[in-house]
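K.L.:
Here is what each chain is made of, one letter per residue.
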Amino acid sequence: MWRGDYWFLLKNLILKDFRVRYRNMSLGMFWSLLNPLVMIGVWYFVFTKIFTNPIHHFGVFILCGIIPFNFFALAWSSSTTSVVDSAGLIKRIAVPREVIPIASVFSNCLHVVIQVGLLLVFVLTTGVGVNVYWLFLPVIWALELVFICGCALLFSALNVYVRDTRYFVDSANLVLFWLVPIFYPFSQVPMRFKELYQYNPIAALVLAMRDIVIESRAPSAVLMTKLTLVSFLALGIGFWGFRKLKPRFYDYL
Amino acid sequence: MKDDRKIIACENIWKSFRLHTSRRLLSQHLAAWFGEGAYHRFQALKGVSFDVARGEALAVIGSNGAGKSTLLSLVSGLTEPDKGVVKVNGRVAALLELGSGFHPDLTGTENVFLNAALLGFDERQTKTMLNDVVEFAGVREFINEPLRTYSSGMMLRLAFSVAVNVDPDILIIDEVLAVGDAEFQARCYERIHGFRRAGKTFLCVSHNKSVLMELCDRAIWLDQGEMMMCGKIGNVFEAYEGRAALPKPDAQ
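Chains F and S, in that order, give the protein sequences.
Last residue of the first sequence: number 482 in this note's numbering, and the count goes up by one each step with no gaps.
Last residue of the second sequence: number 256 in this note's numbering, and the count goes up by one each step with no gaps.
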């Protein structure tokens, strides 16, 4: 049984990911800013100059959709392979296995911080303005993290046994990109799908972000309830599944 | 009373591995589920039992593929036996492979922190021991260089140094000391003797008789997953060497 300092371990694993990712880049962390900036620039051009659309504050509108989605997609796919990628560690050191996918999720957080900074700049320069409901943002992001950790645990464990899982995740991300209201407003979603939409935590997060940032209002209680419910359910399933699957990791890696 | 002295107790442990020969496709998974031929399994350990008392040093000997490393993995808590019980009452630091838990792109210091965290140390303890680790490893000049620039000997120095400095109750070493030079090996022996005088337990796999005779007092001999003998190291080696010289009965 491993008895140690979980926080110190988590911190060191996250630091390792950071250092390995950025150390050999000449632009370093700047890439986390540059990538979304390029993306936004292209979309902004396509969706305001080529296809005209009636949405106000289109830049902020898109950022509210793409930041949560990108984080989810990246964290989900990188954490799915994390256990297999850390085979050397898992086969040689009796460290609690749960820490590995969770560290992988958290090591993507820097992107979010930088991109939320970018959002703030957009908000201030386009005259949308910061409001008191921004205080909700840490709460909804914490819920998103809970949900992603659940997915990370379950899928990283499955990926040990069925290595195709990562391709499934990549395809699912592709589908999800269009099922989350990134380019279109929620109001355009047909009535009969609306209820269901809010159960998708990523869509719920996007909706909550837009309520807060663009509409200056608190996200609805129903939305928050659904988001909380699904997030903690995912975390529960994740931990349960991981626990069931981890005893045989050694044999399959 | 007697159980208090036992730091490791293994009782009738069995361990097998599934052979992976191209059993990855869905059709093959399905075929296996519906009972068309079970997976081929390799029986790595067949009913091995032994105890280790606090402060003892145990060698595990046997030819390649005898199950020695599997046994150490079970004691280190990396995997569970199919049958039987493995009880370990203490913190383990295991050097099962050179460079496990180290990352080539991180510097020496960063790797020391990562490894200490993996072995269960906290931040304060790690900072306190950092100087001792670097001192003992003798790699101070290179400690801020990425690990990929280290030779395997230097990597061993750092890994061993972390493992002994995290103050484990049980130290497990699988054949890695061989890449160290004579001077460092001598210091390792001295450190392991000191470790044992402090009442700590030591487990070692090696093919080098003189190393084991120097460091251990008991030995177990494994052959194709079965325990052939367990006892004083001199006696076990005598029997092992006698047996190894004979042709295998099934070879004729």
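Hints were generated in silico from the structure; no laboratory data involved.
Just to be clear, a hint being listed does not mean it is correct.
Label-pair distances were calculated between CB atoms; the ranges are [as the list claims (entries may be wrong)]: (1) L366(F) to G81(S): 52 to 60 Å; (2) S67(S) to R477(F): 22 to 30 Å; (3) V89(S) to L482(F): 19 to 27 Å; (4) S255(F) to R58(S): 51 to 59 Å; (5) G142(S) to P476(F): 53 to 61 Å; (6) W260(F) to G142(S): 33 to 41 Å; (7) I466(F) to W18(S): 30 to 38 Å; (8) C338(F) to A243(S): 31 to 39 Å; (9) E15(S) to R477(F): 52 to 60 Å; (10) L256(F) to N68(S): 16 to 24 Å.
Just a sample of chain S residues kept apart from chain F, beta carbon distances all over 10 Å, derived [unchecked claim]: (11) L118; (12) L123; (13) T130; (14) M133; (15) D136; (16) G184.
Below, a list of computed lysine to any residue pairs in the SDA-like style, where the Cα atoms sit at most 20 Å apart [stated by the list, open to error]: (17) K245(F) to F46(S); (18) K213(S) to P172(S); (19) K245(F) to V342(F); (20) K475(F) to K213(S); (21) K475(F) to N135(S); (22) K50(S) to E230(S); (23) K473(F) to K236(S); (24) K87(S) to R477(F); (25) K245(F) to P150(S); (26) K473(F) to K245(F); (27) K320(F) to D86(S); (28) K475(F) to L23(S); (29) K475(F) to W231(F); (30) K236(S) to R200(S).
Ideal Cβ positions, reconstructed from N, Cα and C, are used throughout, including at glycine.
K.L.:
Output the indices of the hints that this structure fails to meet, ascending.
P.N.:
1, 5, 8, 9, 10, 11, 12, 13, 17, 18, 20, 21, 23 and 26
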